[in-house]
Amino acid sequence: MITQMHLKGLMFDPYNNAYIVVLRDEEGHEMLPIWVGKAEAGAISMALENVAPPRPMTHDFMKSILDAYDAKVISVVITDLNENTYFAKIHLMYQDSEYTVDARPSDAIALALRSNAPVFAKESVLNKQSSEELEQWLENLKPEDFGKLDS
Amino acid sequence: MGQSKSSPDQRLVEYTVDRVVDETNTDTKILVLSRHDGQSDSFPIWIGAAEGHAIKLALDTTLTPRPMSHDLIKSFMEHLNVTVRRIVIGDVKNSTYYASVYLENNGVERLVDARPSDAVSLALRTRAPLYITDDVLTRRNTANLESWLAKQEQKSSSTQQEVQET
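Chains as they are written, first to last, in my numbering: chain C, 1 to 151; chain A, 1001 to 1166.
One or more hints might be untrue.
[Unchecked claim] Below, a list of computed lysine-lysine pairs in the DSBU-like style, where the Cα atoms sit at most 35 angstroms apart:
hint	chain 1	residue 1	chain 2	residue 2
1	A	K1155	C	K38
2	C	K63	A	K1093
3	C	K122	A	K1093
4	A	K1151	C	K63
5	C	K72	A	K1074
6	A	K1074	C	K38
7	A	K1155	C	K63
8	A	K1056	C	K63
9	C	K63	C	K38
10	C	K72	A	K1155
11	A	K1093	C	K128
12	A	K1074	C	K122
13	C	K72	C	K38
14	C	K8	A	K1093
15	C	K89	A	K1155
16	C	K122	C	K8
17	C	K72	A	K1151
18	C	K128	C	K8
19	C	K38	A	K1056
20	A	K1074	C	K8
21	C	K89	A	K1056
[Claimed, not checked] A short list of chain C residues far from chain A (calculated; beta carbon distances all over 10 angstroms):
hint	residue
22	I2
23	P33
24	T58
25	H59
26	Y94
27	D96
28	D102
29	D107
[To be verified] With beta-carbon atoms standing in for the labels, derived distance ranges:
hint	chain 1	residue 1	chain 2	residue 2	range
30	A	T1061	C	D80	36 to 42 angstroms
31	C	P118	A	T1016	52 to 58 angstroms
32	A	T1026	C	Y15	22 to 28 angstroms
33	A	D1060	C	S97	51 to 57 angstroms
Source of the hints: derived by calculation from the structure; they are not laboratory data. No residue lacks a Cβ here, since even glycine has one placed at the ideal position from N, Cα and C.
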């Protein structure tokens, strides 16, 4: 079983000096926080806010290469969670064949956003991540911790 | 020396990646290219810290536990059977360099624009040759460059020493 997830937001985690990508399902029952680095957060934020950079950034370049040969990103699946590290797979369609490529979730999400491809999470990943725990954690964040992407 | 198909009048000079230098004053790095034929010439390009890190990983052939962004690009290309033929730094405007990545798949060639940092990161991982056009080489400003670069490296190595000593 896989569940489609939507990108709910991106925020700064001052305690770990990292960024959190928050994915949530349609009904809002399941939440998946993924910690990413600053550069990765920037790549996601640019696609999220529809900012067209003056120069192709790494994931724009990645998509240009796929476009050059008519390879399409069909979907991205967050497949595993192991010791706080998430794993993802990117499903590609190229010349009537499907290809599956391993990736970090940050790269996979940055590419999915640029390709208008859906992001899914495996049920086992959602079960491992208790959203109750997350909500408590989110409540403890101060309002000023949000929206610090430019810093 | 290979001639670019898209601009036959442009002579290309092959370069290799020499090193990545820390810019001690800002959060940037300097990618230093040197001539492939051994002639003395350093070609610096200012790049971001993350981009510099991606190039350093490839230069040192560091194996990361997870595929980094350019490893993912390489992985895509392996799956699709696309190869990088060469990368060319072919333009400079307001001190910003522009690169082109020449791709090939079963005889079908494609050209993709990139920042030099992304192009170089991919070239190192795919062992593709790197060229700079004559035009770009003559339009750059290299006054006092060598001595300035040496100073930067001295600074960054002395900072490292201080860190080690404490």
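Each hint, compared with the structure:
no. : hint                                   : verdict
1   : A:K1155 <-> C:K38                      : holds (26 angstroms)
2   : C:K63 <-> A:K1093                      : holds (24 angstroms)
3   : C:K122 <-> A:K1093                     : violated (47 angstroms)
4   : A:K1151 <-> C:K63                      : violated (39 angstroms)
5   : C:K72 <-> A:K1074                      : holds (16 angstroms)
6   : A:K1074 <-> C:K38                      : holds (22 angstroms)
7   : A:K1155 <-> C:K63                      : violated (39 angstroms)
8   : A:K1056 <-> C:K63                      : holds (23 angstroms)
9   : C:K63 <-> C:K38                        : holds (20 angstroms)
10  : C:K72 <-> A:K1155                      : violated (47 angstroms)
11  : A:K1093 <-> C:K128                     : violated (51 angstroms)
12  : A:K1074 <-> C:K122                     : holds (26 angstroms)
13  : C:K72 <-> C:K38                        : holds (27 angstroms)
14  : C:K8 <-> A:K1093                       : violated (38 angstroms)
15  : C:K89 <-> A:K1155                      : violated (43 angstroms)
16  : C:K122 <-> C:K8                        : holds (18 angstroms)
17  : C:K72 <-> A:K1151                      : violated (47 angstroms)
18  : C:K128 <-> C:K8                        : holds (20 angstroms)
19  : C:K38 <-> A:K1056                      : holds (18 angstroms)
20  : A:K1074 <-> C:K8                       : holds (30 angstroms)
21  : C:K89 <-> A:K1056                      : holds (26 angstroms)
22  : I2                                     : holds (21 angstroms)
23  : P33                                    : holds (18 angstroms)
24  : T58                                    : violated (5 angstroms)
25  : H59                                    : violated (7 angstroms)
26  : Y94                                    : violated (5 angstroms)
27  : D96                                    : holds (13 angstroms)
28  : D102                                   : violated (6 angstroms)
29  : D107                                   : violated (5 angstroms)
30  : A:T1061 <-> C:D80: 36 to 42 angstroms  : violated (27 angstroms)
31  : C:P118 <-> A:T1016: 52 to 58 angstroms : violated (42 angstroms)
32  : A:T1026 <-> C:Y15: 22 to 28 angstroms  : holds (27 angstroms)
33  : A:D1060 <-> C:S97: 51 to 57 angstroms  : violated (35 angstroms)
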